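The hints should help you fit chain B onto chain A, whose structure is shown.
Letter by letter, the chains look like this.
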Amino acid sequence: MTEMILRDAVAKALREALDTDDRTFLMGEDIGAYGGPYAVTRGFLEDYGEDRIRDTPIAEAVFVGAGAGAAMIGMRPIVEVMTINFSLVAIDQIVNHAAKLSYMSDGQLSVPLIIRTVTGGGGQLAATHSQSFENWYASVPGLRVVVPATPQDALGLFRTCRKDNNPIIFAEHSLLYRVRGEVPDEYYEIPLGKARIARPGDDVTIVSYSGMVRVAEEAAEKLDELGISAEVIDLRTLSPLDLDTVVESVKKTNRAVVVEETWKTGGFSGTIASNIQEVAFDELDGPVLRINGPDVPAPYARNIEQAMIPSADWIVESVTYNFGL
Amino acid sequence: MAEQTGNHENGAFERAVRTAAESGTDKPMVSNTKSNKQAPVVDEKPTDSPDLLSMYRRMVLCRALDERIWMLNRQGKAAIMASSQGHEAGQIGSVEALKKGYDQFYIYYRDLAVLLELGLTPTEIIKGFVAKEGEPLSGARQFPTHGAHPEYGIINLSNVVATHIPQGVGAALSAKMKGEDRVVIIYFGDGASSAGDCHEAMNFAAIHKLPVIFFCENNKYAISVPLKNQMAVDSVASRAEGYGMPGIEVDGCDITAVYEATFEAAQRARSGQGPSLIEAQVERYLPHTSDDDDSIYRPPEEIEEAKKRDPLQMLKDLLYSSDTLDEEQEDLINKDARQIVNEATEEAENAPYPATNDFYKHVVGDNPA
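Residue numbers (the numbering used here), protein chains in the order written: chain A, 1 to 325; chain B, 1001 to 1369.
In isolation and in its complexed conformation, chain A is listed as follows (with noise of 0.2 angstroms):
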């Protein structure tokens, strides 16, 4: 085992996609000289050359859909949209091209094309740079959607994209970049579809994904306090969706609540406990909880900022006031 950031988790999958496969590059915004705006490929330009990191112009729509339009014919690039808000720019490369290609094509393309991006607050980035677009994508066929909360994932799960021959949203929240966490020095892959449980419990199940994670398994801690057993589940992807790991863990907890960072209408909060309650109804004693950020455009004041995004103590009240434990 080896600690490491999940930057340089990243960084790490990045290097050896580029080691190992020359159809693989990179495109991106400010990836090359400047290394990277949450600087993730410092260094790479250096190591692997203009031809294989290249900055583009600030022209989301162009390079996506030249990723898709290179994946399609036999490349394997990589590209990072700065930020999920940014995706918005080139979605409908993402969602109307990308994820379709496939279908519309009769399957005689694929789009291996990884759309690495930053999501989510906290950064009093304010309205247009601090959300969550996961859920989004999630909704669509043909996507898959990646939301690793540990190094570990971070690294396993890239793996795994690299052989997958569909578009990705590889979502990194921008907090989690200096998380610290062991990351095996054996090679191993993570599949997709396959959630985690990041710590078991017996008495309630909290699901949630990327960045919401951490603040569950602090909720748990404090719940635990208080004696009541949590089980942590990570979904680590939205697309695939693994709900047995998730039902299983209901039976035997009978509650269930889900956190996330995003609004709460149309929030995947709401995909995951109505699923719950269709193939679990009669194992539960009580509704399925969710907790979601607010329908407001996220605010650049620290304070309301904070108030706004899902915290430890938030998911301890709601779990022992709707419970009764």
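The set of hints was computed from the structure by calculation and includes no laboratory data. The structure displayed is predicted, hence computed values, not measured ones. A couple of the hints might just be wrong.
To be verified - Below, simulated DSS-like cross-link-like pairs (lysine-lysine); rule was C-alpha separation at most 25 angstroms, straight line:
1) B:K1100 - A:K163
2) A:K194 - A:K12
3) B:K1132 - B:K1077
4) B:K1361 - A:K163
5) B:K1178 - B:K1100
6) A:K194 - B:K1361
7) B:K1228 - B:K1308
8) A:K251 - A:K194
9) B:K1220 - B:K1307
Claimed, not checked - Away from chain A, derived, C-beta distances all over 12 angstroms, residues of chain B:
10) E1135
11) E1151
12) E1305
13) K1307
14) Q1313
15) M1314
16) T1356
Stated by the list, open to error - Partial selection, computed: residues in chain B whose CB lies under 7 angstroms from chain A:
17) S1138
18) Q1142
19) T1163
20) Q1167
21) S1174
22) D1197
Just so it is clear, CB atoms sit at the ideal spot from N, CA and C, and this is done for glycine as well.
Quick look at chain B alone, frame taken from chain A:
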């Protein structure tokens, strides 16, 4: 300023006519047999001078097929159709200048002649319109004429205007990185030239000197919006200078002029000199699609005027004037085209509909290039 070519002063035009007259060879009409999905033989180099009589035959067939599909729509058998009538010379002339089965063709919804030129059969094309089993581009999942035919280098996946332009640029980037001398030609209309994707793609291709031909089929209407409400400049080609690539205006109804302009642009692309923008001035004789009524926004006199430069008639006049075509041959060509289209219609109409028990087929990709 845009470079003006397409005049007949450089001799290539006369040479082409002469060659066609002297050779007396007729390339076989587009075969209507089923595509065997084999990659066509790569032309080592396109001919210096196109065989105009053969191109005339193909243009007649395309027109007849186009008219038939429009009729199938009016009969309620084909849900939607975007006619290529008036665009044929631009399409046939440009394909002729490229390497079939090697170069890549990112086309759009009005490119019926390109599909025929690259090897799709009339039966396969009609199957797309009537949504029948065995339609080769998308299995009848996507709009008619849309989907892909990798062996023929045909990519026509979307009909969200202009969105295929960045993808074509990506294909060119791939070709360049692999060290291939493959050219990617991207067809689009004047309407698409206003979209942001078009601008981003042209800028990107020029920065990286990618082997792209941006081929604008300017028929002067974006659905109902005339050119004057689409742009403040006189020509799409004039924008090329702003990207750092040549812009060429060409009479898109003049098949030889289109051939020459495309051939030059392809040579430039193949030799690493980067992209070009060709603006082919074509005409649109029918409404935008079969769902549109152009009488609301287009005066009939304007269409009558446009028909004076019907590419089919222009080529026919040329062939008559050089004694390459006579009435007897013309009748025969028309008769052949009708017969091919009749047979194709019958075959397509008699084909079964696609199965409905495989909704999820190919939603997840499993066939990387």
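### Query
Any of the earlier hints contradicted here, and which numbers?
Hints 1, 10 and 11 not satisfied by this model.
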